[in-house]
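Colleague: Protein chains in written order, with our numbering: chain A, 18 to 419; chain B, 18 to 419.
In this list, chains with the same sequence are indistinguishable; a pair is considered to hold if it fits within one copy or across any two.
Simulated crosslink set (DSBU-like; lysine-lysine; CA at most 35 Å straight-line):
no.: 1; residue 1: K348; residue 2: K51
no.: 2; residue 1: K358; residue 2: K316
no.: 3; residue 1: K356; residue 2: K316
no.: 4; residue 1: K333; residue 2: K51
no.: 5; residue 1: K282; residue 2: K403
no.: 6; residue 1: K348; residue 2: K132
no.: 7; residue 1: K252; residue 2: K282
no.: 8; residue 1: K367; residue 2: K356
no.: 9; residue 1: K132; residue 2: K71
Derived from the structure by calculation, the hints contain no laboratory data. None of the values given here were measured: they were computed from a predicted structure.
There are 2 protein chains.
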Amino acid sequence: MIQVAVFGYGTVGSGVVEVIERNNSYVSANSGDKVNVKYILDLREFPGDPYESKLVHDVETIINDDEVSICCETMGGVGAAYKFTKMALEKGKSVCSSNKELVAKHGAELMRVAKEHGCAYLFEASVGGGIPILRNLTTALTAERITQIAGILNGTTNFILTRMEEDGADFDETLKKAQELGYAEKDPTADIEGHDTARKISILSDIMSGHFTDSDAVRTTGITGVTSKDITMAKEAGYSIRLLGIANRYDDDSVSTMVAPFLVKKSHPLAGVRDVFNAIYVTGNMLGETMYYGKGAGKLATASAVVADVIDAARKGSSTMYQGWDETPVKAASVSDMKYKYYVRCLDDKFDDVQAAFPGGCRIGKFGGESGFVTEEISGSDFEEKCSKLGDAVANSIRIYE
Amino acid sequence: MIQVAVFGYGTVGSGVVEVIERNNSYVSANSGDKVNVKYILDLREFPGDPYESKLVHDVETIINDDEVSICCETMGGVGAAYKFTKMALEKGKSVCSSNKELVAKHGAELMRVAKEHGCAYLFEASVGGGIPILRNLTTALTAERITQIAGILNGTTNFILTRMEEDGADFDETLKKAQELGYAEKDPTADIEGHDTARKISILSDIMSGHFTDSDAVRTTGITGVTSKDITMAKEAGYSIRLLGIANRYDDDSVSTMVAPFLVKKSHPLAGVRDVFNAIYVTGNMLGETMYYGKGAGKLATASAVVADVIDAARKGSSTMYQGWDETPVKAASVSDMKYKYYVRCLDDKFDDVQAAFPGGCRIGKFGGESGFVTEEISGSDFEEKCSKLGDAVANSIRIYE
Numbered sequence: 018m019i020q021v022a023v024f025g026y027g028t029v030g031s032g033v034v035e036v037i038e039r040n041n042s043y044v045s046a047n048s049g050d051k052v053n054v055k056y057i058l059d060l061r062e063f064p065g066d067p068y069e070s071k072l073v074h075d076v077e078t079i080i081n082d083d084e085v086s087i088c089c090e091t092m093g094g095v096g097a098a099y100k101f102t103k104m105a106l107e108k109g110k111s112v113c114s115s116n117k118e119l120v121a122k123h124g125a126e127l128m129r130v131a132k133e134h135g136c137a138y139l140f141e142a143s144v145g146g147g148i149p150i151l152r153n154l155t156t157a158l159t160a161e162r163i164t165q166i167a168g169i170l171n172g173t174t175n176f177i178l179t180r181m182e183e184d185g186a187d188f189d190e191t192l193k194k195a196q197e198l199g200y201a202e203k204d205p206t207a208d209i210e211g212h213d214t215a216r217k218i219s220i221l222s223d224i225m226s227g228h229f230t231d232s233d234a235v236r237t238t239g240i241t242g243v244t245s246k247d248i249t250m251a252k253e254a255g256y257s258i259r260l261l262g263i264a265n266r267y268d269d270d271s272v273s274t275m276v277a278p279f280l281v282k283k284s285h286p287l288a289g290v291r292d293v294f295n296a297i298y299v300t301g302n303m304l305g306e307t308m309y310y311g312k313g314a315g316k317l318a319t320a321s322a323v324v325a326d327v328i329d330a331a332r333k334g335s336s337t338m339y340q341g342w343d344e345t346p347v348k349a350a351s352v353s354d355m356k357y358k359y360y361v362r363c364l365d366d367k368f369d370d371v372q373a374a375f376p377g378g379c380r381i382g383k384f385g386g387e388s389g390f391v392t393e394e395i396s397g398s399d400f401e402e403k404c405s406k407l408g409d410a411v412a413n414s415i416r417i418y419e
Numbered sequence: 018m019i020q021v022a023v024f025g026y027g028t029v030g031s032g033v034v035e036v037i038e039r040n041n042s043y044v045s046a047n048s049g050d051k052v053n054v055k056y057i058l059d060l061r062e063f064p065g066d067p068y069e070s071k072l073v074h075d076v077e078t079i080i081n082d083d084e085v086s087i088c089c090e091t092m093g094g095v096g097a098a099y100k101f102t103k104m105a106l107e108k109g110k111s112v113c114s115s116n117k118e119l120v121a122k123h124g125a126e127l128m129r130v131a132k133e134h135g136c137a138y139l140f141e142a143s144v145g146g147g148i149p150i151l152r153n154l155t156t157a158l159t160a161e162r163i164t165q166i167a168g169i170l171n172g173t174t175n176f177i178l179t180r181m182e183e184d185g186a187d188f189d190e191t192l193k194k195a196q197e198l199g200y201a202e203k204d205p206t207a208d209i210e211g212h213d214t215a216r217k218i219s220i221l222s223d224i225m226s227g228h229f230t231d232s233d234a235v236r237t238t239g240i241t242g243v244t245s246k247d248i249t250m251a252k253e254a255g256y257s258i259r260l261l262g263i264a265n266r267y268d269d270d271s272v273s274t275m276v277a278p279f280l281v282k283k284s285h286p287l288a289g290v291r292d293v294f295n296a297i298y299v300t301g302n303m304l305g306e307t308m309y310y311g312k313g314a315g316k317l318a319t320a321s322a323v324v325a326d327v328i329d330a331a332r333k334g335s336s337t338m339y340q341g342w343d344e345t346p347v348k349a350a351s352v353s354d355m356k357y358k359y360y361v362r363c364l365d366d367k368f369d370d371v372q373a374a375f376p377g378g379c380r381i382g383k384f385g386g387e388s389g390f391v392t393e394e395i396s397g398s399d400f401e402e403k404c405s406k407l408g409d410a411v412a413n414s415i416r417i418y419e
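Build out the structure end to end from the sequences listed, making use of the hints.
Modeller: The structure is reproduced here in structure tokens:
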């Protein structure tokens, strides 16, 4: 019998219990032994809940029970979650987590502690919800040198951008709709300002590079500056706008990481990722491009990823992932040096100035007294310098992902 | 040192050698030890080839060398490939294969032989080329009951359908172009008649069900009946036509498998899979939909998948896959019972007859004296019965995938 404890009985935690119970025949067969939830840790009471009898309030009960070999950390935050995770690992109990904040901040340390105690720290659900992207990077694309990871990693912002494009609605009204549907939090800052995506792309960068990427240092722009004018102009010219987290690895093993809205050609698979779905586009030196698509959030999808980690922990323990990352900082490449084409929106009467500043570019549309323009490839620093000279001639600018 | 032998020095085999050599630091680090190609088995001579010294003509040299722990079978066919694979497995050498024909026919037996001898029979490259779909099904989506797998599994036919749609070309001319570009064989029958897709969907069905699916029994329709009229009519109505292999699993664990062209809504991720790319769309009972996208063929992408198997064989041997399938036949569900909406093309003056036969359907377009019509959901047998009554009123019909 494989005895499991769940830390935190919120949305994902209750989903973990549900997946283990409802799919027990698959979960147990793939684990090589019967899997059972022995404890659920939460400060709250859940009177009448079918699993009420498993509820405990003191983590020590779990830590000191040698029968428990695997803990699922679905609490969130970097306080108690960090402490409890470390306690469990130090007792040789594997921990499977959905907590991206903790993984982004202390992942390397926790993986080291796990290794020292012959168990595993796994966190498939922390990036891309139900999409098995970490498992693909750490156990499938193992013959590859990965050179780029570009992802739609946040369902809230992707829903807003999709609805703005397809319904012609503006940002505020779409955000409100997302909140009504439960796709956006009351305080949507972490999503719409790109911080959630920054944490996830930093974890992907960690895995790609083998070294620590500080998510606070990821150059991050959210979607609040994207207007319905930009969406319309892009759409007419055959582009969708998507919030991407991008990590690029260069020949000298330096890595640049950024989060920003991008124009993506309609024919690119990332443009076809709609509403709350997520996708991660991975480029390897032999394989070329692959993409992994699915639900980036949601109770059961995220829980399914946590339980897949439980199965791996049961089967393979500390040898689950072929590669992780250490605590040394990654060699950071400057985002300002990266070259992109840029979309520029300007008033029609400023168009000549813009065109003069960016020779080789071309107009992609005219709409409501404004023009859309696409530059040739130019570095971020050169682009910003030219824009500052143009002053208020540039109403908005967005990079183009190709 | 992990000593590897490569059976067959053709396109994929030479790619395997190239991936192991060029990415040796990644391949060796992930394998846990230095990986080296010791032998290349081929009947031919390769004078001047950089790896000429590794060439042997007699399989016994490899089989009897206890240093060789892993063999890559990239020969194709079910004759010598079957014999050599079995010989290697019986000596406890793991075999990593790109040979879909052999896997579809003898996979269960070869997995059993591998297990009996404490080694692994792995074949990631046999389906979806460089897309790690088998690894995802057997080691990532392990908390799921998979209920449907639908895949674009053949690059040749997807290239033809994409070019017909985007360039407005007809079938014969596009096939010729595909042949010129090296995307189609001189004899393209196995691709365009759907047999290649049938082999791949039968392997996916094997894994989903745990039992053997006879690829010759998969209901298979190729793309030769898809005309530029159908492509245009579908396009105008917001659909792309894609050749899909589909395996559905029902509550009683019976499975239906088919290969056929389908109309796919432009907003569906499968419709965005263009040219020679492949994608597999997987539905699980907890996770919902996920999709895996990448190059379905090509020397280095396919070789990368073979080498990922080499790494798994080196790390985990016989415990690599959590689930395989046995030699007992899967309980087959009838494709004729499956309900789909159908697209029907007819002459305008027969439209009333078609509409009368399929109440609740609607016209989706008119083009060149013909009409396109979409029925409500109907079983395959009922549809065929109605069509036979309509006689030559129905110029063509294609299922709709939703």
